[in-house]
Amino acid sequence: LDSTPDNATEELRISTTSSTCDTGILDLLNKEFENANNAKILTVCQGTGKAIATGEMGAADVVFVHAPASELTAVEKGSFINRTYVMYNYFVIIGPGNDPAGIRATENAPEALGMIAGKEQPFISRGDDSGTHNKEKAIWMAANITPSGTWYQSVGKGMGDTIMTADIREAYTLSDRGTYLAMKDKTKLVILFETDKEYLFNPYHVMAVNPEKFPDVKYDMSMKYINFLTSTEVQAIIRDYGKDKFDEPLFTPALI
Amino acid sequence: MGSFEFLLDGIVRAFELIVTLNPYILSITGVSIKVSGTATLLAAMTAIPLAFALSFVQFRGRHAVITLVNTGMGLPPVFVGLFVFVMLVPAGPLGFLNRIFTPEAMIIAQYILITPIITGITLSAIKAVPEPIIETVYTLGGREKDVVLTTLLEARFGVITAVLAGLGRALAEVGAILIVGGNIAYTGSVGGIGEGLSYTRTLTTAITSETSKGDISTSIALGIILIAIYLFVNVAAGFFRRQD
Amino acid sequence: MGSFEFLLDGIVRAFELIVTLNPYILSITGVSIKVSGTATLLAAMTAIPLAFALSFVQFRGRHAVITLVNTGMGLPPVFVGLFVFVMLVPAGPLGFLNRIFTPEAMIIAQYILITPIITGITLSAIKAVPEPIIETVYTLGGREKDVVLTTLLEARFGVITAVLAGLGRALAEVGAILIVGGNIAYTGSVGGIGEGLSYTRTLTTAITSETSKGDISTSIALGIILIAIYLFVNVAAGFFRRQD
Amino acid sequence: MAELFRICNLTKTFAGKDVLKNINLRIYRGEIFALIGPSGTGKTTFLRILNLFEKPTNGIFEFDGKPVNGTPLEKNRIRQRSSLLFQTPAVFNLSVFDNVAYGLKVRGFDKSTVEKKVKEALGIVGLSGMETQKARTLSGGEAQRMAFARAIVYGPEVLLLDEPTANLDPYNVAKIEELIRHIRDKCGTTIVIATHNLPQVKRIADRVGVLLEGKLIEVNSVGGIFTSPGDARSAAFLKGEMVY
Amino acid sequence: MAELFRICNLTKTFAGKDVLKNINLRIYRGEIFALIGPSGTGKTTFLRILNLFEKPTNGIFEFDGKPVNGTPLEKNRIRQRSSLLFQTPAVFNLSVFDNVAYGLKVRGFDKSTVEKKVKEALGIVGLSGMETQKARTLSGGEAQRMAFARAIVYGPEVLLLDEPTANLDPYNVAKIEELIRHIRDKCGTTIVIATHNLPQVKRIADRVGVLLEGKLIEVNSVGGIFTSPGDARSAAFLKGEMVY
Ligand SMILES: Nc1ncnc2c1ncn2[C@@H]1O[C@H](COP(=O)(O)OP(=O)(O)OP(=O)(O)O)[C@@H](O)[C@H]1O
Ligand SMILES: Nc1ncnc2c1ncn2[C@@H]1O[C@H](COP(=O)(O)OP(=O)(O)OP(=O)(O)O)[C@@H](O)[C@H]1O
Ligand SMILES: [Mg+2]
Ligand SMILES: [Mg+2]
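Protein chains in written order, with my numbering: chain A, 8 to 263; chain B, 1141 to 1384; chain C, 1141 to 1384; chain D, -18 to 225; chain E, -18 to 225.
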């Protein structure tokens, strides 16, 4: 078996998070890019923290993640350049349909989590320093609660696994909309809270590994990729992705 | 951060975590030892008798069973984890036991993984015991149990190797226990190392989650603790094995 | 979906994938075999001579080295993966080799993981060869190489077990190769089974990613394929081992 | 005299080679029966059949009036009453004391009785004071005497001796011969001895069987066979001539 | 006559026990030197020292005019020229042919020479036609004769024989004795033989050494020792009396 397609000219290594992989959108976009640029894309899907670390050590050319705070720290250190806003969606709080903590009725995310903590209903935290986990921590902070007790369980896993765990435990958890929709038919959990645009905002950025730090990275190709993601055509693809399968889009393009 | 610094940092971190007797680290270390130790004990208690039965009891299809056992040495942990998972989830046939995401579930998964390993290596240790030794046991009036005891004595180096290989595999294993145990830690552990207590989080599953956070130094520190534990066991076993 | 249905579905799916010679599955199976096969070959070529050296060459600290080797049986895969990762990333000491996220990196990681396993089991197989056999080689004028060949012959059951255990471990391993290989498949395959070709995706890493997507049936199908491969190897090896 | 072994038309085939051919023989309680014949003639095979380590290919084999079927239970029952001293004794990786104590411990004798009997047996064979030595370091003749002590220490009803003095000096040979006669005289033990030492046969045996190429060509009293052998080839063998 | 072995004040201690005490002896080229003495007296240990399997605790040991230091190279050089037939021969898990061919193959003889010499040697010891039998299935005496063939087949300059006829019948004993004399007469081979068979000593030896409790109490010509032994305890031993 020849695993390298014939006319591939240049390889581009993307380090990204499980949500872009597991929803399938990256696959679609990459295929477009490859066809247009006669390139070969190698995608490494991992936790956001590891995805950024991989770029920081020069093992990727371009990084596509959703943890704004960590991204900015890395950019300040000079590891990445040209950080570009690509798309966003919203986090959702999911849980058992009967909503024992009664969060459906709440006004904002901190209040919702506050209800869960108050009733000590099981809550599964990703606990993996991912964008989602950081967002969750920020909401707890805003609610002025330090979650503690056996109802609050950290699993240190990706989104899909975390949803599966919460499903079995009949627990609440915070998820990105895309992964939840992709797994919707495999879980009994339902979206209980999603109205808070302030606290549940989930932006995705792409950035190039700094060629001054790692001269061997494919900086030109990375820039092509970044420009590609922000092009009108691709933004339109993002806008429509998921409509047929989930009746609603998974992401909202940043630029159109 | 340069690459070597991760290693150095990991080593320093490991010492730090150990000397300060960090309660979070102690608790995940405890879960590691408890789960893998119990699984190894149960596996050895199954595997050693099984290896003897396969060595000494003649029956049709014996070689087929041996081949199957040996094949069990290559069971993919994630596969075993999934299998135990679908058995134990509430919707599964053993769901009523309510054991998914518990240390017991992890013990079951590791038990399935390492029993064939201990059996396979013990089998080859038993095979190396000369036939005349066994015949001598019989002619002196010994029964099957005496054959087993004497063979154990003669093959002890190999049997100890088998059990240690099983323990090493269990301690190092992550794929199966991550799925069935869920890598759960209680309270306060949100922020990372230093707070909270493990429920089903082991050194290996903690390494995995620290790694996915990108915290390579802490991962390396945890790895060093794990290796130190196994080194200690091996040094202890070395004294038993050497005296002959 | 009920729990048993995952299993049944997995089995059906496995047959489907195999009989249709699905090119994506073929390519990840190919990578699995290539990576683990090469790693096992290289590890055996290191481990067997090493085991002989540790058995027959007397030197200070021999027992300490043996203990270290045995301890290597418990190296956590994720730890080894991280170690190889920090060595091979461009920022690392071996970054110039440009080998991170390649099959070669995976081979290196598995090599490190299984060499101690093969060495440890081979050591105990060699130990079981009676001393008079070795003395007879010497008195007949044999040299060290003849001792090695004859010991190999006498201990072949144990040595084959050692290599098979190493291969089984390599084929089933996921923690290390996930980190250093990156589970990369060329575009088209990310969205699911059926398209694209593997670059560094193996059966085990594919199981992991399918599982995290929640596609348990496909994971089980991949696991069945993996076990079938290893079963085939064991059946083949059974013929060698049995003839005595 | 009462019959203890009754063998009718017994044949034993190994790999297509008839090693024992149509043997008819009765061995009586309390007699010393010597089995002689050239090397490779089937003596050891015959003794192994009497101790149930080989199954006759054909023919009838009765012990103490009952046909022998070879179930594990029956094997143990018969072996509890008898003892085979192998031509090349296997030595357990234990002290001299524990080797000799083996058959006593298996039979559940209490500690002080074991100690007393072992000391006595070691004294008789001239190994007093060597109790704690590792049995694997004994000289050839010492090992043979230890194995003799191990075989007689629990007072078996039947003693099957395969070249019991091959590695002994004249003084020790005489001592063991005296011991054999003494055991028979005092305990009425039935003794079957395979030996190449013809003067020994003269000194201790009551009856003699001559095996030649698997056939029992003559069974005679010891007086008869040395003075007027009933077969020309027996006579030739006794004179040290070539008989095949 | 030229000296081949020269031993001065040689002592060998095992576990604090002096097994050989202050031995002084020269063995000459082309002689047949018999070593006799009670079981456990140190004969085997002495032969093992001559073939460099034991290092003297004290004293001087020269071979062919040069002091022996025991480097691996020197060991092989001396063993290439000599051959020790162990008291209990170890048998390789090979055919009879391949066992006997071992020393020839090690020395790089071509295939047809190997075939010719092995056939010849098997013929001499009476094992023609058994070439393809697995050597581990040979009878005690057959194994001893095969080991004899294996030791002489490549024509060593020095032949060290430890009880070479212990398991043989009178006819085969006579044949092996004839062979020993023939080898010495035709090839000038130096032969050291440890034996309990005193008539054998008379038949084949030139000189005799009597070992008693690790001391060489007498060295004498074979004529001298049987007619007028120089030591009272030698005389007693030759008469089969207790000497310790
Ligand atoms: N490692 C050891 N530790 C203690 N004693 C030992 C060791 N090795 C050998 N011996 C003792 O050394 C003595 C001499 O042994 P050796 O084998 O040389 O005797 P031998 O003269 O060949 O006797 P045999 O005629 O019975 O074969 C024996 O008493 C034996 O028990
Ligand atoms: N598994 C086997 N396959 C082929 N031949 C065998 C097997 N086992 C034994 N034999 C042969 O059976 C014959 C009888 O062996 P046995 O050991 O009974 O002889 P023995 O009379 O005790 O000889 P010795 O006096 O040399 O000890 C031998 O020629 C031996 O080679
Ligand atoms: Mg025999
Ligand atoms: Mg000896």
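Think of the hints as simulated: they come from the structure by calculation, not from any bench. One or more hints might be untrue.
Stated by the list, open to error - Listed below are the simulated DSS-like cross-link pairs for lysine-lysine, each with C-alpha atoms no more than 27 Å apart in a straight line: (1) E:Lys47 - E:Lys36; (2) B:Lys1285 - D:Lys56; (3) D:Lys156 - E:Lys183; (4) D:Lys2 - B:Lys1285; (5) D:Lys2 - E:Lys183; (6) E:Lys97 - D:Lys183; (7) E:Lys2 - C:Lys1267; (8) E:Lys36 - B:Lys1267; (9) E:Lys2 - E:Lys86; (10) D:Lys220 - E:Lys183; (11) C:Lys1285 - A:Lys47; (12) C:Lys1285 - E:Lys183; (13) C:Lys1267 - B:Lys1285; (14) D:Lys220 - E:Lys115; (15) D:Lys36 - B:Lys1267; (16) E:Lys115 - D:Lys36; (17) B:Lys1267 - D:Lys115; (18) C:Lys1285 - B:Lys1267; (19) D:Lys(-2) - E:Lys47; (20) D:Lys98 - B:Lys1285; (21) D:Lys115 - E:Lys(-2); (22) D:Lys(-2) - E:Lys156.
To be verified - Just a sample of chain E residues kept apart from chain D, beta carbon distances all over 10 Å, derived: (23) Phe(-5); (24) Lys100; (25) Gln125; (26) Glu138; (27) Glu194; (28) Ile198; (29) Glu222.
Positions of the beta carbon are idealized from the N, C-alpha and C atoms, including for glycine.
Q.
Hint compliance check: list the failing hint numbers for this structure, sorted ascending.
A. 4, 5, 6, 7, 8, 9, 11, 12, 14, 19, 23, 25, 29
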